[in-house]
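Please work from the sequences and hints to get the whole structure.
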Amino acid sequence: MSLHGIDTSTHGGYLSGLVVLDLGQLHPGPYTAQLLQQLGATVIKVEKPGGDTSRALGRDTYAKYNRGKPSIMLDLKQADDRATLLRLARASDVLIEGFRPGVMARLGLAPATLALENPRLVICSITGFGQTGPYADRPGHDINYLALSGYWAVPSQVRDVAARPRLRLSDYCAAMHAALAILAAADHARKTGEGQHLDVSIHDAMTAWMAPGVDAVQRHGGPGMGLDHVMPDNDIFETADGRHIALGILEEKFWDALVNALGADFPLLRDPAYAQRAGRLAAKRDLNRQLREIFASRTRAQWEERLAGLDLPWAPVLEYDEVFENDHVRHRGVVNAQARGDGPGFPVRFSQSLPATAGRVAELNEDRTDILDWLRRKEDEAR
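Quick note on the working numbering: the sequence shown kicks off at 176 and runs consecutively.
Hints in this document: simulated from the structure, not taken from any laboratory.
Mixed in with the good hints there might be a few duds.
[What the hints assert, rightly or not] Below, simulated EDC-like cross-link-like pairs (lysine to aspartate or glutamate); rule was C-alpha separation at most 20 Å, straight line:
1) Lys428 / Asp486
2) Lys459 / Asp486
3) Lys459 / Asp403
Predicted model only: the values in this text are computed from it and were never measured.
This is how it looks when you write it as structure tokens:
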């Protein structure tokens with residue numbers, strides 16, 4: 176069947192024929208749907224009156240996760256629009272929503288109700304704290320889930336600070352888990368005819384990521400410098416021009432490579448106490464300070480020239496105007512240099528090509544007529 180010029184059963188892609196209703200807002204739900212879309216699913220954006228909250232944050236913010244999704248506006252407080260959503264649910268395979276627990280039920284759209292309309296439907300509810308538990312009704316955003324998951328309880332640097340991540344880390348974490356769970360549940364539904372309700376908690380997803388680190392801190396008796404994963408030679412170092420170099424030494428061979436390259440100019444690196452990882456960990460404050468002084472002695476460009484070609488895990492910390500110009504980024508093509516506004520593609524290379532994702536950004540309710548026409552044809556076909 177055709178929806179906005181796309182044949183939902185044969186248009187290509189590994190998830191060809193999978194129809195997804197995206198009722199999500201802001202980041203987690205829309206990004207989950209986008210991942211499925213990039214693999215070939217057809218995604219219909221169902222928006223509240225006024226649109227996805229991200230529209231109020233600017234066109235670029237909305238476009239980031241919603242490019243290529245046809246839009247229909249439904250006021251789920253109105254009986255006619257609820258009926259339309261139920262019709263769409265009957266014609267779809269997956270429904271993603273991000274309302275607070277209980278809202279869908281109060282609207283007459285509880286998972287059990289949706290399952291009566293379409294027993295094969297996979298319903299994915301993405302909320303901050305899940306459908307149950309003491310925090311289930313609490314509001315939250317990325318920074319709150321990080322705080323409660325132990326993100327800042329696990330030190331990662333010798334001079335550790337509670338710095339905020341530069342992206343919505345817990346939102347991405349939850350979205351990737353949600354997409355993976357949807358694929359498993361949709362495959363189960365295809366084989367058995369049984370859909371199910373997926374309860375995705377953003378906090379749960381982030382806590383699962385943080386649990387091994389938190390456990391290590393607990394077993395150590397607290398976040399002291401004795402933690403093995405806090406390493407003096409695996410850090411970000413400022414250079415003489417105020418820029419930075421990221422050094423990622425872990426294996427002994429890479430420490431040896433650093434010493435061989437720089438030891439003549441910086442003899443402190445040849446101290447026998449640093450020859451083994453255990454010794455470097457025992458003296459991590461002193462060694463980290465010495466490395467800071469070493470990297471502060473030259474500009475980033477000088478370090479790039481000095482370290483180029485070495486079998487050593489290092490990288491310049493790129494500025495905003497350098498990332499897309501990087502030779503490797505250009506070669507891999509995850510970001511199209513000619514169409515950066517279209518956003519990145521799916522960041523995994525398949526030996527067989529992925530479908531092209533449409534670059535159009537729909538206005539609110541722009542595709543209502545097309546979507547309803549598609550729905551009527553789908554219903555006629557099912558009779």
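Against the structure, the hints:
no.	hint	in the structure
1	Lys428 / Asp486	holds (9 Å)
2	Lys459 / Asp486	violated (23 Å)
3	Lys459 / Asp403	holds (10 Å)
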